[in-house]
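Novice: As a plain string of letters, each chain reads:
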Amino acid sequence: MADFEIPKIKNYLEIPAVQEDVMAHSSPFIAKPPHQAGLGFPEELVDDWENKAIEKMGDLLGKYRSFQVYLDSCVKCGACTDKCHYFIGTTDAKNMPVARQDLLRKVYRRYFTFAGKYFPKLVGATDMTKEVLDEWYSYFHQCSQCRRCSVFCPYGIDTAEISMAAREIMDEVGLGQKYCNEIILKAQTIGNNLGLPERALADTLIDLEEEVEEDTGLPVKYPLDVKGADILLVTPSADFFAEPHIDGLIGYGKVFHEVGASWTMSSKASEAANFGMFIGSYANMRKLAMRIREAAIELGVKRIVFGECGHAWRVAYSFLNTLAGPFDFLDPNYPVPQHICEFTHGYLEEGKLRINKEENDHMRLTFHDSCNVARGSRMGPTPGGQFEIPRKIIKAVCNHYYDMAQDTIHDATYCCGGGGGLLTDDLMEIRVKGALPRMQALKTVVDDHGVTNMAAICAICKSQFTKVLPYYDFSMDMIVSVHQLVSDAIVLTGSEQEKELDGVEDDEAEATAE
Amino acid sequence: MSFLSIFYALLFYFATGLLVVGLGYKIRQYAKTPAPLKIPTTPAPVTKGGVVIRMAKEVVFFYSLFRSNKWIWLFGWLFHITLFVVLLRHLRYFTEPVWWWVDLLQPFGKYAAFGMIAGLAGLWARRFLVDRVRYISAPSDHLMLALLLGIGISGASMTFVSHTDIVSVKVFFLGLMRFDLQPLPSDPLLLIHLGLVAALMIIFPFSKLLHAPGVFFSPTRNQVDNPREQRHVAAWAVAEFESAGDQQKNNT
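Listed in order, the protein sequences are those of chains A and B.
Mapping the first sequence onto the working numbering, position 110 (from 1) lands on 110, and the numbers just tick up by one.
Mapping the second sequence onto the working numbering, position 25 (from 1) lands on 539, and the numbers just tick up by one.
What the hints contain is simulated information worked out from the structure, not anything from laboratory work.
Check each hint, because a few of them may be wrong.
Among chain A residues calculated to face chain B with C-beta under 8 Å, some are [unchecked claim]:
#, residue
1, 11
2, 69
3, 79
Every value quoted in this text rests on a predicted model; they were computed, and no experiment measured them.
Backbone N, C-alpha and C fix where the C-beta goes; we use that ideal spot for every residue, glycine too.
Build the full structure now, drawing on both the sequences and the hints.
Specialist: Given below as structure tokens:
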């Protein structure tokens, strides 16, 4: 199945002994010249790249307080060393968060600190060399920017910030990652990461409407580019075709239908994900965010709601207002943006949605907190709402729910292993190995509580688990969308499901029943 | 006046000057560098008051470290809290008359030195015993612990083993503060202790000791979680992207 060793799930999570350079071979494909140029980066590694890299580092040090403070503040206490899923899964020393940061910190010290300039050996400072650059390219693409290390650092040092800066420096000298940069360009030119043009989207949505009508007997709409709608739904493009993502999209549509919401999707902003964050590029992140603003203005909507997507929600919740605000042209009675879970949860609380939980009785569920939702965003008015709201939704639509171990959920959650721009086949080994801690926690609830399915609210998590679960002898369809559960349990007014539940009403059906 | 007294007087003026200027420079740098994006590690407080509480939990109790690793927390917190008490106790050598609460601290301050030494020894042991920590330790990390341990042991020795002429030491430092040079006793333990302290003050602004001001400027810990309610944008981002010609903006 794989040309590398798949980690074994043991009885409990073991902190491995450190090994050196066992993942040094892992590097993603390098971006092609058009993708580099399209994002405003040099097409290939420039001459004099050493100086350009240092220059860019200096530029970032002046622009990002996080970068400056974090490079200075680490005391090497070791608190983060056993917190990264990639370290636990690979045992590679450089996948310890502090060691990953040090790949960049040692260069920072050499060029920007007194101690590093005059006593490099003493403080572990090194010149910017090709070996260093290669190491950066390898190990800064073994970080999913999940921020778990930041939670446990006494100073809140966030390796994601260092990783993003490293990737931006590499892009700036012409060494970009193919997967991210290709995708960003597609989203900036076509509107979504998959490069689905408007026609293809429209066709997909028509198919979806037919499918839902067949199932429910109701004309549930999945509108695209409808001017004057109240709500613009921005969802990850994987929701348009991938499993189990699309079942989530079906769910959003059913909720909107049931509450009588006027909504639309946009072909221009047909992507919630913002890969600009992965490469640490404010400019590219902003370009993507501006498409959402423009779509909202062009369509004349009053609200923006985001579909289930992890890093997307972090960018949307934490950065959208910064990058593309102010949103004073939208209805001030609603948060901008709002998460689909906040939307659905509100109506569930009000008792506006009829739910038949038994529809989900064939499943025993657990919930995977997606890293960037858990540690980089919020839902609802109070801190921690991002943990409570999705769980409340699941418990409202399912009878059997079990949390995984405390140290693997909420803000201590483990990344799925595929986030941060690593969801590509050329990084399969690191993806599989990085999933180990989550697989371990899942195995425990499977054994203890007979859990059959794991729900998530992130397109990357869903794709990653679909691919990785089989490596650990789980079934790939264990992973489900939260709104897929809503979709299966919701009883739409006037639907076939309602008739079935309330007893057959019309005479014709009664006659056939006899 | 002995050469030694003059040397130590100059050393302490130099060390103090460098500490104040160096630290001032770094704090100014941290304060002036913008944080262009909202990146608090969530769940995060939604009010400024909440941030003050979060920061206090970090600085006083090392809350995140406690969640992370009980051994590092035990040794690290023990070292810092006892160092703090020891430092307060040392105020008696710089004040005349000695403040009443510094007097009150005196017995605790004396024995706190042992906590300090134990904490440092524990932290240093981890650098040898835990393979992960061994891997990430540079020579400077070992030297820093050696320096602090040297300060702790030489200081405690003067309290518990071989007393120095502490009255003269106080006269020396009170003199320094008034720019009135007084003789310094020449016990080897005292000279070692003071020399190491001056060295620590000198390297403070150039080393990882910057974590002390750094923690207060850490955006993941000091930001209010309110990005939807309040627009947060850095001056450089406005200058770079939102200056006059931004048509999309004007559409609204």
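Novice: All the hints need checking, so say for each whether the structure fits it.
Specialist: Hints and how they fare:
no.: 1; hint: 11; result: 22 Å, violated
no.: 2; hint: 69; result: 5 Å, holds
no.: 3; hint: 79; result: 4 Å, holds
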